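Colleague: Each chain is listed here by its residues.
Number of protein chains: 2
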Amino acid sequence: MDLKSKRIAILAPVAWRTPPRAYGAWETVASNITEGLVARGWKDVTLFATKESVTAAKLVGWVERGYEEDKSQIPLVSTCLHISKVMERAHEFDLIHSNFDYLPLTYLPLIKTPMLTTIHGFSDPDILRVYREHKDTYYVSISNADRDKELPYLATVYNGIDLSNLTFRETPGDKLVHYGRIHNDKGTHLSIEVAKKCGIDLLIAGIIQDQNYFDTLIKPHLNDSSIQYIGPVNPTQRDALLKEAYAVIHLNLIPERFGLVMAESMAAGVPVIAMDLGSCREVIADNQTGYLVNNVAEAVEAVGRIDTIDRKNCRQRVEQNFTIDCMVSGYEKVYAEIFRREQAKKK
Amino acid sequence: MDLKSKRIAILAPVAWRTPPRAYGAWETVASNITEGLVARGWKDVTLFATKESVTAAKLVGWVERGYEEDKSQIPLVSTCLHISKVMERAHEFDLIHSNFDYLPLTYLPLIKTPMLTTIHGFSDPDILRVYREHKDTYYVSISNADRDKELPYLATVYNGIDLSNLTFRETPGDKLVHYGRIHNDKGTHLSIEVAKKCGIDLLIAGIIQDQNYFDTLIKPHLNDSSIQYIGPVNPTQRDALLKEAYAVIHLNLIPERFGLVMAESMAAGVPVIAMDLGSCREVIADNQTGYLVNNVAEAVEAVGRIDTIDRKNCRQRVEQNFTIDCMVSGYEKVYAEIFRREQAKKK
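Chain order of the listed sequences is A and F. Residues 366 to 712 in the working numbering are what the first sequence spells out, letter by letter. Residues 366 to 712 in the working numbering are what the second sequence spells out, letter by letter.
It should be emphasised that the hints constitute simulated quantities derived from the structure, not laboratory data. Since the model is a prediction, treat every value here as computed from it, not as a measurement.
In this list, chains with the same sequence are indistinguishable; a pair is considered to hold if it fits within one copy or across any two.
Distance condition first, Cα-Cα at most 20 Å in a straight line; then the derived SDA-like pairs of lysine to any residue:
#	residue 1	residue 2
1	Lys450	Arg497
2	Lys450	Glu498
3	Lys371	Ala709
4	Lys712	Ala701
Sequences are here, hints too, so could you generate the full structure?
Modeller: Structure representation (structure tokens):
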């Protein structure tokens, strides 16, 4: 049977619409995979998501709206109903591709259809108990760094980003930029230190995830000129922000799982200076598309060497590794391997 | 096949040990059912509970300790692993009796073994979505009052209480007693009103569930004589407390689902004055074992008529309706009906 005729169920979370109107990382990836498969000629793709979701594939939904958008819902009620309905129809598919964390795994002993789970991150060490209980299934990591040593992974498939709102610009801006969630984990306060030591202006953008952190470590440094906070940015505003960027400073204090901000920055031609933690080393090509550092002093020093980075390399790295098409092509290989193994089991 | 040879799986929650060391209502009921079945000669009973649980039946556990007793666990992780492991072994049983809320229902389309769910209460109207999605299964309510109109129930089986620590006393005490959770829902403040209007001393016992409620509506009325709060009580202390009771005042402001306090009080021979809401009318025989009222004025008036209640009637009502043996015998009838229906389906 032709690979692209296999019946694929993509399981999205139901916190938000798929694709989300604004925030919603896992729903975004689920949408990108679904639409990417259809675009690449897959004939029988079904997206399980909220009923109001939008897709070129077949849509099946049991929950009207995302529980984050309709607070009358108990999240677990919507979640378990949604998963149950997919599992009930498992026999209609050749593969279920779950982008929905650990709960679907607990239905696995009861279905015959193989399931692939993309692990978008371990939100707490305790959820490893579920993954480790289910080793006879298929896992994909979103970076080589974000792996649990005990789990069997088929592959790493990096997240793919939509390049349509990311304009490549050969000419650098004259500011440093920090964007993403404003939180200690993302090291927003370290960007301020770097900017001050370099004597270069800094633009900060993103949602405030920890108000106390913002109030105590960020706000006191803000002004109308050298250190500015401009709030959250949509894709158009993000593109305008990156136009101003000489470099993006991303001194994360915990390991990145993937690091969308780094890929987006490079797509716009902007080199990234990032902490050498987690996946940063996989997303950035050190000395080619940015610099990996271990502290503020090294970051300041790296800013001095930004001119040696060819901005075309930054864009090219994204085009070759982190587009939606790259991601979907990665999953095609994974699907083919799963079908090969399932076939071998039957013999 | 002999009914008592059927293979029964009792599914307990894993918040606490089964039976719980102190608090843990659903684990208590699951334990009472399990031990009651074994005591009545059932030959193949398996309790699914935490590993450290104690039972005369076979014990199967996947979670070491209750997640309320070991806070390193994410409750949903322990819960879904526990349920999944039961479902994986469903084919080994003739019936699964779930005392574990709505999540197990979502695995039901994937197993062939019939399941009975005792609905211990609807913690939120939203969870009805799961129950209403699963109408082709078996439900038991714990009172006729605590029913959802859309669900098919096989029967009401009242909770059974352990009489061993409840001494029947023919001679009344000289105080009013209010015990249970200290919360607006339980109308603790109304007991104080009743006591003051009657000019009778009041003893209040139980855990403080709403500290603000206690501080503002209860504490200002407390003293060392006429209105006393004595804290939570264990079964021995509860027995001593009920010895002091002329009547128990239970002016609940939301419908009771069952009402353990009322059954325990009557077991000790103490008449109960309760709000005519929810299951109170089923637990109390109005004018026989207590009085159903609609407000404080009616409760005060009812206190004046307590002497016309024969305390032996109170004890007898419990012995005939609310013992563990009554409960287990109720479930035996339900199990038999389920097997009859399952057999009829096969024909």
